[in-house]
Structures are given as structure tokens and as C-alpha cells.
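Participant: Sequence order for the protein chains is H and E.
According to this note's numbering, the first sequence holds residues 1 to 116 in order.
According to this note's numbering, the second sequence holds residues 1 to 224 in order.
Hints in this document: simulated from the structure, not taken from any laboratory.
Careful, some of the hints might be misleading.
[As the list claims (entries may be wrong)] So the derived list for chain E, only partly shown, Cβ under 7 Å to chain H, looks like this: (1) 7; (2) 11; (3) 13; (4) 87; (5) 152; (6) 220.
Ideal placement from N, C-alpha and C gives every residue a C-beta, glycine not left out.
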Amino acid sequence: MHELPVTENILKVVLRHAEEAKAGKVVRVSLRIGELSDIIEEWLQRYFDYLSKGTLAEGAVLQVERTPVIFRCEDCGESFPVKVREVHDIACPSCGGGKATFVSGREFFIKNIEVI
Amino acid sequence: MADIRLIEIKEEIFADNDKLAGEIRERLREKEVFMLNLMASPGGGKTSLIVQTLRGMKDHFRTAVIEGDIDSIVDAEKVAEEGIPAVQLRTGGACHLDAVMVNMALQEMNFDDLDLIIIENIGNLVCPAEFDTGAVRNVMILSVPEGDDKPLKYPLMFTVCDAIVVNKVDYLAIADFDMAALKQRVLKLNPKIKIFEVSCKTGEGIPAWIKWLRNEITAFKKSA
Ligand SMILES: Nc1nc2c(ncn2[C@@H]2O[C@H](COP(=O)(O)OP(=O)(O)O)[C@@H](O)[C@H]2O)c(=O)[nH]1
Ligand SMILES: [Mg+2]
Ligand SMILES: [Zn+2]
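Working from the sequences, and respecting the hints, build out all of it.
Facilitator: In C-alpha cells, the structure reads:
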């Protein structure tokens, strides 16, 4: 829902790094976004295409890696992925334990860019 | 063909917001001002809970409210009726409050005269969860008519909140709402979360909520 301000941030960071590297053009931007985020990737690209017109990043492809939501079992310590939007119950695949704590799935960062 | 170079970035997309939120929290800590970020769907009961909370708190803590919700002119008036200062944020159709907006509101407040600031965030369960406002505690209101399956639809919100207030329990008798299932789902996502069952209409459950909040504020002031 807030893809626009998010995309503005991405573009700002991308351009800063591209300029520092004296790049001629940005061709790819790799992002890592956790499954817990409700960001819609398609809109990121649309806004990016719009906002980047006339900049070094015009035409760059956004590549999004969605990282799974990870919980850790409080009984045996095993970490495991959970489809939080589908499952009603969270059970450890290793020991069957039902007590698990949230570890990760909220990532939201720019990994790297490819420039020429 | 020109060579493609890979430039490592590894920067958080919300780094600027998170940094400012951290600075806000630091300033609040220095001045021993507790800030509560209240989030819910439109109509979930944010303004109603704020009014109930002010009635239970204002004799003990000097309080101010940041109004960010869409129909917030009305909301700010309701808060003002309680004799509490409210700073109105003009958010112009934004879907969440971020640290920059909260910081603007804070500039109109004197921290030396305050113990508690309550933020009424914009009515939305998706976006506010993603933006740190600088608050010390995050609380979500879930109202009974919205259903017990919200944790499945908005899991992020449940992982960032310290407490859930299930509001409008006066509807429980006529609603198809499974409180036990809700609690189970919420606690799976966040075992440390506190869950309160209240009705802002009848006042049921409000004292337990107020008691928790007062304890949180007292503990915060001691540790600050
Ligand atoms: N029946 C009932 N209605 C409530 C309760 N809490 C709030 N309301 C009503 O729900 C509507 C929305 O409440 P409001 O506090 O303005 O929600 P907000 O949009 O989240 O600020 C109002 O008409 C309130 O009177 C409650 O506990 N029970
Ligand atoms: Mg309101
Ligand atoms: Zn286990």
C-alpha cells in the first residue's frame, strides 16, 4: 500500500551508490524482502520505472528475493519456515513442539546493484 | 558490450526512518516520556480507547495525543473534550505515520510537561506495522466485528505489537468470533504479547488495560 514511498527510498539509495561508483547506467537492483511484508512487487517495478525516468537507473530491473518467515522451536531449538498466512498452528517439524518464537521474516533491504 | 559491475549495498530500505525513530526514542527516554503507538483498522476503536485511557490515566500522568487518523479533526475534538492537548497531523491521504511525521508533531510538544504521549495512527493494519514511529510500545486494537482470523491476514502487525486490545466484546454474544482461536493464533505469532478483552462502550476490561499501561509507564520511568 505504501509502495510509492518505499520505491522513492530505493531509488535514492540506488542513485547514491551508482553516482559514487561513477556508473554509466544501473541495469539491475536486487532486493531482499521478508514474506511478512505486504509489499506488492509488481507495483515496486511500476513506480520505479516512473520515478527513475531520466536518471541513471532508468530501465533497471528490480529483482526481489522473498525470504521466508522463520520461527525457532523453544523445545529443541530447531529453526523452521512457516507460511504464516496459511497455517493456523505452528508446530516444529523436528520434534512436534508447539511453542515457537518468531526469528525473522521482516527483512527489507537492498542487497546490491548491477551497473555498467 | 560494456562490463557489468556488481556493487554491494546491503542497506535497509527504511534505514532513514529507523534511524530517526531511534533518535526519537532516545530523546523520549532522556525526558522520561512514554510514547504509545495505537494501531487498528478504521472504526476499530482507537479514538474510543484513547478517551477511555485518558479518563483512567490523566490524574496520574500528564498526557498528550498525536492525532493521525483520517477523520481526525473529529477525533482531536473528542480528545480535547477530555482536557488533553492534541496535535493534529495533516497526513493528506497517507496510509501510515512514519517517524518524520511523528517528529513534526513532537516539535509542538514540551517534553518537560509530559509523561505520556499516545499516537492515534492511521486506520490500517498493513502499513503502520512496517514503520517505526519511535514509540516505546506498540499496541493494536482488534474489534470483534472484524473477525478472529486477522492474525492470518496481517501477521506482521502481530509480530511488532506488545499488546492486543480486543475491543467491542459487547458484540461477542451476537458475533461469530472465537476468542480462544484468536488467542491461540496471536500467541503463536508472538508468545510475549499481552491480550486484553475490552468494551469501550460498557467499560468492561478497561481497568486491566489501564493497569498494564500504568505499570509499563512506571517501569519505563524507573529504567530511563
Ligand atoms: N458496541 C461498541 N461500539 C464501539 C466500541 N468501541 C467503539 N465503538 C464504536 O465504534 C465506532 C468507531 O470507534 P472509533 O473509536 O471512532 O474508531 P477509530 O476509527 O479506530 O478511531 C464508533 O461509533 C464507536 O462508538 C465498543 O466497545 N462497543
Ligand atoms: Mg479515530
Ligand atoms: Zn522442536
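Participant: All the hints need checking, so say for each whether the structure fits it.
Facilitator: Consistency of the hints with the structure:
1. With its C-beta approaching chain H no nearer than about 5 Å, residue 7(E) sits inside the 7 Å limit, and its interface hint holds.
2. Among the interface hints, the one on residue 11(E) holds; its C-beta lies about 5 Å from the nearest C-beta in chain H, closer than the 7 Å criterion.
3. Because the smallest distance between the Cβ of residue 13(E) and any Cβ of chain H comes to about 5 Å, under 7 Å, the interface hint for this residue holds.
4. Interface hint at residue 87(E): violated, since its Cβ lies 22 Å from the closest Cβ of chain H, which is beyond the 7 Å cut-off.
5. Here the hint on residue 152(E) is kept, as its CB sits about 6 Å from the closest CB of chain H, short of 7 Å.
6. Given the 7 Å rule on beta carbons, the hint for residue 220(E) is violated: about 23 Å separates it from the nearest Cβ of chain H.
In this structure, the hints that do not hold are numbers 4 and 6, in rising order.
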